[in-house]
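Residue numbers for the sequence shown follow the numbering used here, so the first one is 28 and each next one is one higher.
Worth flagging that the hints you see were computed from the coordinates, not collected in a lab.
Hints are not guaranteed to be accurate.
Said to hold, decoys possible - Simulated DEER-style distance windows between Cβ atoms:
hint : residue 1 : residue 2 : range
1    : Ser83     : Val60     : 29 to 39 Å
2    : Lys88     : Thr45     : 28 to 38 Å
3    : Leu47     : Gln89     : 26 to 36 Å
4    : Met28     : Lys84     : 44 to 54 Å
5    : Lys88     : Lys38     : 34 to 44 Å
6    : Arg95     : Thr42     : 21 to 31 Å
7    : Met28     : Lys93     : 34 to 44 Å
8    : Lys30     : Lys88     : 33 to 43 Å
9    : Ala29     : Asn49     : 18 to 28 Å
10   : Phe87     : Gly53     : 21 to 31 Å
Claimed, not checked - Listed next, the in silico DSS-like pairs over lysine-lysine satisfying Cα-Cα at most 30 Å (straight line):
hint : residue 1 : residue 2
11   : Lys93     : Lys38
12   : Lys30     : Lys56
13   : Lys88     : Lys30
Small disclaimer: the values here were computed from a predicted structure and weren't measured.
Beta carbons: idealized from backbone N, C-alpha and C, even for Gly.
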Amino acid sequence: MAKVSFEVDNKNLTTVLTILKNLKIGLIKNLKVEDKIIEQEDKTQKSFSSNSKYISKEEFKQRIKKQR
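Using the sequences plus the hints, can you model the full thing?
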């Protein structure tokens, strides 16, 4: 049996998981995801949820620091 592994950015993880779960029926025997990475990303995404088109100055600075 062949094994395939992916390295996916946390921001794209939900999209990739959705695609793989749709393929799982009949094609993929087992699907595993590292829970630690998902939990950390979920916590940060909840803090950034906003109905506003623009983010605050503090949030912008935090995002810039994360990218570096």
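Hints, verified against the model:
Take Ser83 and Val60: their Cβ atoms lie about 32 Å apart, and the range 29 to 39 Å holds. The hinted window of 28 to 38 Å between Lys88 and Thr45 holds, with their beta carbons roughly 32 Å apart. Restraint check, Leu47 to Gln89: a C-beta distance of roughly 30 Å satisfies the suggested window 26 to 36 Å. For Met28 and Lys84, the hinted distance range of 44 to 54 Å is satisfied, since their beta carbons lie about 52 Å from each other.
Look at Lys88 against Lys38: about 19 Å separates their beta carbons, and that is not inside 34 to 44 Å. Arg95 and Thr42 have their C-beta atoms about 25 Å apart, which keeps the hinted 21 to 31 Å range intact. At roughly 38 Å, the beta carbons of Met28 and Lys93 sit within the given window of 34 to 44 Å. Between Lys30 and Lys88 the C-beta distance comes to about 41 Å, which sits within the given range of 33 to 43 Å.
Between Ala29 and Asn49 the beta carbon distance is about 20 Å. The supplied range of 18 to 28 Å therefore holds. At about 45 Å, the CB distance of Phe87 to Gly53 disagrees with the hint of 21 to 31 Å. Of the supplied pair hints, the one linking Lys93 and Lys38 holds, its CA atoms being roughly 13 Å apart against a limit of 30 Å. Annotation: proposed proximity of Lys30 to Lys56 holds, straight-line Cα distance about 10 Å (limit 30 Å).
Taking the CA atoms of Lys88 and Lys30, the gap is near 40 Å; set against the 30 Å cutoff, the hint is violated.
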